[in-house]
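Could you put the whole structure together from the sequences, leaning on the hints where they help?
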Amino acid sequence: MTFRSAEVMAGLVLVAFSVFAWREAVAIRGAAAFFPMAIIAALGFFSLVYLVRSVLAGRQTETVFERWRIFVAALVISLIYINAVVHVGYITSTVFFIPVLAWVIGFRRPAYIALTTLIYLVCVYFMFEVVFRRPLPSEMLLEFIRSIR
Amino acid sequence: MLTALTDAFFAVMTLGNLAAMITGTIAGIIIGALPGINVTVGIAILIPLTFGMEPLFALGLIAGIFNGASYGNAIPAILLNVPGTPAAVATTFDGYPMAQKGRSAHALRIACYASALGAIASAIALILIAPPLAKVTLLFGPAEYFWLAMLGLSSIAVLLGSDPVKGLIAACFGMLLATVGMDQITGAMRFHFGYWELADGLPTVVVLTGLFAFSRVLMMAQEGKMTGVSGEALRLSRDKDEGPILKGMLPTLTRSGVIGIIVGILPGVGGNAAALLAYNEEKRAAKDPETFGKGNPRGVAAAECGNSADNSSSLIPMLTLGIPGNAIAAIIMGALLVHGLVPGPQLFREEPVIVYGFMIQMLFTAAILFVLGGMVATRLFAQVLRLPSVVLVPLIVSLMTIGIYTTTYEIMHLYMAVGFGLVGYFMIKLDFPVAPFVLGLILGGVAEFNLRVALRIARGDWTYLFQNVVSKILVALLALIILAALSRFIRDLRRRLRDGRTTLVERETME
Chain R
189 MTFRSAEVMA GLVLVAFSVF AWREAVAIRG AAAFFPMAII AALGFFSLVY
239 LVRSVLAGRQ TETVFERWRI FVAALVISLI YINAVVHVGY ITSTVFFIPV
289 LAWVIGFRRP AYIALTTLIY LVCVYFMFEV VFRRPLPSEM LLEFIRSIR
Chain E
8 MLTALTDAFF AVMTLGNLAA MITGTIAGII IGALPGINVT VGIAILIPLT
58 FGMEPLFALG LIAGIFNGAS YGNAIPAILL NVPGTPAAVA TTFDGYPMAQ
108 KGRSAHALRI ACYASALGAI ASAIALILIA PPLAKVTLLF GPAEYFWLAM
158 LGLSSIAVLL GSDPVKGLIA ACFGMLLATV GMDQITGAMR FHFGYWELAD
208 GLPTVVVLTG LFAFSRVLMM AQEGKMTGVS GEALRLSRDK DEGPILKGML
258 PTLTRSGVIG IIVGILPGVG GNAAALLAYN EEKRAAKDPE TFGKGNPRGV
308 AAAECGNSAD NSSSLIPMLT LGIPGNAIAA IIMGALLVHG LVPGPQLFRE
358 EPVIVYGFMI QMLFTAAILF VLGGMVATRL FAQVLRLPSV VLVPLIVSLM
408 TIGIYTTTYE IMHLYMAVGF GLVGYFMIKL DFPVAPFVLG LILGGVAEFN
458 LRVALRIARG DWTYLFQNVV SKILVALLAL IILAALSRFI RDLRRRLRDG
508 RTTLVERETM E
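Residue numbers (this note's numbering), protein chains in the order written: chain R, 189 to 337; chain E, 8 to 518.
Derived from the structure by calculation, the hints contain no laboratory data.
Please note that a few of the clues may not be correct.
[To be verified] Listed below are several chain R residues computed to face chain E (Cβ distance under 7 Å; list not exhaustive):
1. Arg217
2. Ala220
3. Pro224
4. Tyr238
5. Val252
6. Arg255
7. Ser266
8. Ile270
9. Ala290
10. Ile293
11. Phe295
[As the list claims (entries may be wrong)] Non-contacting residues of chain E with respect to chain R, defined by C-beta distances greater than 12 Å in every case (computed):
12. Val96
13. Lys108
14. Gly148
15. Lys254
16. Leu273
17. Glu357
18. Arg386
19. Ala465
20. Leu484
As the structure is a computational prediction, the values presented were derived from the model and not from experiment.
For every residue, glycine included, the Cβ atom is placed at its ideal position computed from N, Cα and C.
Spelled out as structure tokens, the structure:
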């Protein structure tokens, strides 16, 4: 994608966002609506200037968003990890997360990754549970084993 | 003030706080030297982790990272000609040629000591200027605060980005997000979309962590740098007997320190401008300007001293007025807010030990750099460059996740961090400056609240906003900045149109 196309798309999104925000601001009661409406009007105006400028004189030579598959993969894996931390537990999720994400983005040195994961988890456990006494999310696996006993 | 300083000094000198300052400084040097991350990202990751710590312990870590990273940036700049941040660009001019001549160790030590001296001068300026300024600002009313917030916003939006329109869009977007939640005056709910968790507004720390840390992670994953620098490239030359490191550099350090401190106080200008101005001034004042750019040690000292001398002074507007002048000050303001400390003149009255303690920590962490400027430490820190940056990607995501989650145990905050990480990612990709967005988010609330209070006091009379001298001066400055931005925009548009036409002609010729 050229820089110009990306800027035109961003301009369209910003103008659409300004229209949407304006419609929401209209529903706010009384004086509380005044400031947001003024800001939205300014945002809409500058977005429109940006859009027109991008259409008329955008940079066509540069490209943006190379390696976008890696970007999407990193984003999706991170979202899965965030959910897993809450529902499965921090240590368990992280044991899988660090090697998987490192592997997916192209770092293929298993021993290096394993050692990094181990050192990182020991440090985090020590800092949170021992030094600052901030409990990490509970481990589903440990809870399950305890419930069997 | 002296009593407060003495109390703060003893509060800072506990074993835990000293450990925090030393750890923070070492971490700061590593963060500064690491490829891909910078001081803003480092502090953004740290803030959620500091929740629950004693405020002075947390601030000691932050002060250490802030000052340590100023020197850390110089390591890749000197050894590899790669400035980790724009602030280190001027260091490469003479630092890299020195390294090529086999004087890398000497250049690194000059950078370290000059950084330390610049940061010490800046911290002393902070201690001397901030308290009296805080007393003066107690006289400011809502009208002055409104104009001050507007001035902060406009100058940042215009000065920081090369493109004022993008700066203004970013600032407006941030200000709009500052209105999310319950209105402070009428209690009306705004932009909450049924999520009552948003009644208190967007959590600043979550937004900042996502915006700076997660966006950086996505960039690093996409860049995919799989290998670090080879050990051979990081082999430092033996320091020949070149005499005292900073011999004859007092005028250089004085000039650069003063430039850095003044630039730091100005909103939106930042360390890169301080370093470049200090470097240029040194070159202009030198008897041998032709040696600059070819490995003149005074070039390295000027750039590093100027760059570090803006550290503490950039905190003056934030601590005294609650108006951050740049992105780092905004993030440190977020850290203070996490600990229930609201920057502004009241902070000096209500929490003198913490506010003076933080200033003393800025001074101490700068002095710690002197100890870390030795050869062994320099060799060790240089080894950080051997780490492949992609390894940091999962570690930063994991630290960010656990830091945010264990602060409130709300999964929604994690989604917000990811969302703002995406916003930050697209902003960086499309050359939108991120700092005006952050300042809009923080100053938007200040501007709105003070505007409405002022209008209530004046029973809706708008002329009240322009009645006193301070307001008039602030409005005049605001008008100047807007005019400067407009003229730059028109010039830029003309240039773009001309370039666009040229491109079209070129394409037609090729076809």
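Okay, the hints, checked on the actual structure:
1. With a least beta-carbon distance of about 5 Å to chain E, the hint placing R/Arg217 at the interface is held under the 7 Å criterion.
2. Given hint, R/Ala220 at the interface with chain E, holds; its Cβ is 4 Å from that chain's nearest Cβ, closer than 7 Å.
3. At a threshold of 7 Å, the smallest CB-CB gap from R/Pro224 to chain E is about 5 Å, leaving the interface hint in force.
4. With its C-beta approaching chain E no nearer than about 5 Å, R/Tyr238 sits inside the 7 Å limit, and its interface hint holds.
5. Nearest Cβ of chain E to the Cβ of R/Val252: about 5 Å, under the 7 Å cut. The hint holds.
6. A least Cβ separation of about 5 Å between R/Arg255 and chain E falls short of the 7 Å threshold, and the interface hint therefore holds.
7. Taken as an interface hint, R/Ser266 checks out: its beta carbon lies about 5 Å from the nearest beta carbon of chain E, inside 7 Å.
8. At a threshold of 7 Å, the smallest CB-CB gap from R/Ile270 to chain E is about 5 Å, leaving the interface hint in force.
9. A hinted interface residue such as R/Ala290 counts as satisfied when its beta carbon comes closer than 7 Å to some beta carbon of chain E; here the least separation is about 6 Å, so the hint holds.
10. For R/Ile293, the interface hint holds, since its Cβ comes within 7 Å of a Cβ in chain E; the closest pair sits about 5 Å apart.
11. A cut of 7 Å between beta carbons decides the hint on R/Phe295: the least distance to chain E is about 5 Å, and the hint holds.
12. No Cβ of chain R approaches the Cβ of E/Val96 within 12 Å, the least distance being about 21 Å, so the stated non-interface status holds.
13. With 12 Å as the threshold on Cβ separation, the claim that E/Lys108 sits away from chain R holds: the shortest Cβ distance comes to roughly 35 Å.
14. The beta carbon of E/Gly148 is kept farther than 12 Å from every beta carbon of chain R, the shortest such distance being approximately 19 Å.
15. Separation of E/Lys254 from chain R is adequate, the least Cβ-Cβ distance of about 42 Å exceeding the 12 Å criterion.
16. Listed as outside the interface, E/Leu273 is consistent with that label: its C-beta sits roughly 24 Å from the nearest C-beta of chain R, beyond the 12 Å cut-off.
17. For E/Glu357, the non-interface assignment is confirmed: its Cβ lies about 26 Å from the closest Cβ of chain R, beyond the 12 Å cut-off.
18. Its beta-carbon lying about 22 Å from the closest one in chain R, E/Arg386 satisfies the requirement of being farther than 12 Å from that chain.
19. Separation of E/Ala465 from chain R is adequate, the least Cβ-Cβ distance of about 14 Å exceeding the 12 Å criterion.
20. Every C-beta of chain R lies more than 12 Å from that of E/Leu484, the closest at about 19 Å, which supports listing it as non-interface.
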